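Protein chains: 2
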Amino acid sequence: MGDLEIRAAVTDDVPAIVSMLADDRLGAQRESPDDLTPYLAALERLTADPNQQLVVAVREDRVVGTLQLTIVPGLSHKGSTRSIIEAVRIHRDERGSGLGTQFIEWAITESRRQGCRLVQLTSDATRTDAHRFYERLGFTASHVGFKLSL
Amino acid sequence: MGDLEIRAAVTDDVPAIVSMLADDRLGAQRESPDDLTPYLAALERLTADPNQQLVVAVREDRVVGTLQLTIVPGLSHKGSTRSIIEAVRIHRDERGSGLGTQFIEWAITESRRQGCRLVQLTSDATRTDAHRFYERLGFTASHVGFKLSL
Numbered sequence: 000m001g002d003l004e005i006r007a008a009v010t011d012d013v014p015a016i017v018s019m020l021a022d023d024r025l026g027a028q029r030e031s032p033d034d035l036t037p038y039l040a041a042l043e044r045l046t047a048d049p050n051q052q053l054v055v056a057v058r059e060d061r062v063v064g065t066l067q068l069t070i071v072p073g074l075s076h077k078g079s080t081r082s083i084i085e086a087v088r089i090h091r092d093e094r095g096s097g098l099g100t101q102f103i104e105w106a107i108t109e110s111r112r113q114g115c116r117l118v119q120l121t122s123d124a125t126r127t128d129a130h131r132f133y134e135r136l137g138f139t140a141s142h143v144g145f146k147l148s149l
Numbered sequence: 000m001g002d003l004e005i006r007a008a009v010t011d012d013v014p015a016i017v018s019m020l021a022d023d024r025l026g027a028q029r030e031s032p033d034d035l036t037p038y039l040a041a042l043e044r045l046t047a048d049p050n051q052q053l054v055v056a057v058r059e060d061r062v063v064g065t066l067q068l069t070i071v072p073g074l075s076h077k078g079s080t081r082s083i084i085e086a087v088r089i090h091r092d093e094r095g096s097g098l099g100t101q102f103i104e105w106a107i108t109e110s111r112r113q114g115c116r117l118v119q120l121t122s123d124a125t126r127t128d129a130h131r132f133y134e135r136l137g138f139t140a141s142h143v144g145f146k147l148s149l
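The listed protein sequences derive, respectively, from chains A and X.
Residue numbering for the first sequence follows numbering that gives the first Met the number 0, starting at 0 and increasing by one per position.
Residue numbering for the second sequence follows numbering that gives the first Met the number 0, starting at 0 and increasing by one per position.
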């Protein structure tokens with residue numbers, strides 16, 4: 000397979016990103032790939048925020064993965080900054096290619112570069128394959144993740 | 000008990016905040032209340048970020064609670080913005096007073112005001128009392144929270 004590039008997402012990447020968000024057992028019910036308006040507005044807001052990085056993985060000019068990295072300063076842990084990984088999606092053609100590992104390793108390296116002391120993420124309790132994947136990468140399933148829809 | 004005020008944290012609140020962070024089974028091992036320098040630097044960084052709110056609950060001129068609310072725009076869920084609650088601490092004199100409930104309800108109301116569609120938080124798997132508390136407030140323990148220390 001060709002070389003992988005990981006870079007900031009731009010407007011032209013939005014259709015491919017939304018398509019990956021929707022091509023998912025849980026995402027299929029909650030995305031609207033036929034109307035990109037809300038996604039484009041969200042990208043604009045993300046791009047304006049220096050603590051947000053929405054990135055894509057590109058191989059042979061195709062977007063094959065996406066994730067969002069958020070930098071969160073805070074007082075706890077002696078004023079430590081942490082990062083949060085959200086919305087990780089790998090194109091189905093790339094599953095098993097090692098892209099997931101490369102991608103999370105990129106996020107860890109970038110978090111370290113920005114002075115974070117902790118990387119965190121939550122994964123739906125039903126995604127047991129993802130849990131094994133994060134544990135292999137050194138993450139500890141030490142927390143319970145709570146959500147409240149508004 | 001006197002009226003409760005919830006407001007943005009300022010420099011003068013830092014000793015009381017750090018004292019609450021340290022007065023905790025898990026926090027006791029990881030905080031340094033004798034050296035406030037890193038906490039003051041973190042407060043400065045938080046105050047400069049419009050997507051961060053570090054707040055305190057004040058009763059009769061005493062800081063009796065703290066939490067951090069982070070607003071995170073994103074593409075998933077049709078471009079939804081979500082909020083993340085971190086570092087919730089209630090002074091031990093106030094436990095059982097209903098402050099925890101008022102405080103989380105404040106965070107939910109503020110998240111809604113800022114257009115969030117989801118509020119999320121993680122809680123250490125050993126804090127089972129906290130889990131029941133969040134479930135009573137309507138949160139669902141749908142996710143596993145992973146952490147990696149750097």
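Hints are supplied without guarantee of correctness; some may be wrong.
Copies of one chain are not kept apart here, so a pair can be met inside one copy or by any two copies together.
[Said to hold, decoys possible] With a Cα cut of at most 20 Å, we get these calculated SDA-like pairs of lysine to any residue:
(1) K146 to H130
(2) K77 to E93
(3) K77 to T36
(4) K146 to E85
(5) K77 to T100
(6) K146 to T125
(7) K77 to S148
(8) K146 to T127
(9) K146 to D123
Source of the hints: derived by calculation from the structure; they are not laboratory data.
Bear in mind that the values here come from a model prediction, so they are computed numbers and not experimental data.
Each hint, compared with the structure:
no.	hint	in the structure
1	K146 to H130	both (18 Å within a copy, 12 Å between copies)
2	K77 to E93	neither (40 Å within a copy, 24 Å between copies)
3	K77 to T36	between (41 Å within a copy, 9 Å between copies)
4	K146 to E85	both (14 Å within a copy, 13 Å between copies)
5	K77 to T100	neither (30 Å within a copy, 26 Å between copies)
6	K146 to T125	both (14 Å within a copy, 18 Å between copies)
7	K77 to S148	between (31 Å within a copy, 14 Å between copies)
8	K146 to T127	both (18 Å within a copy, 16 Å between copies)
9	K146 to D123	both (10 Å within a copy, 15 Å between copies)
Comparing the model with each numbered hint stated earlier shows that hints 2, 5 do not hold.
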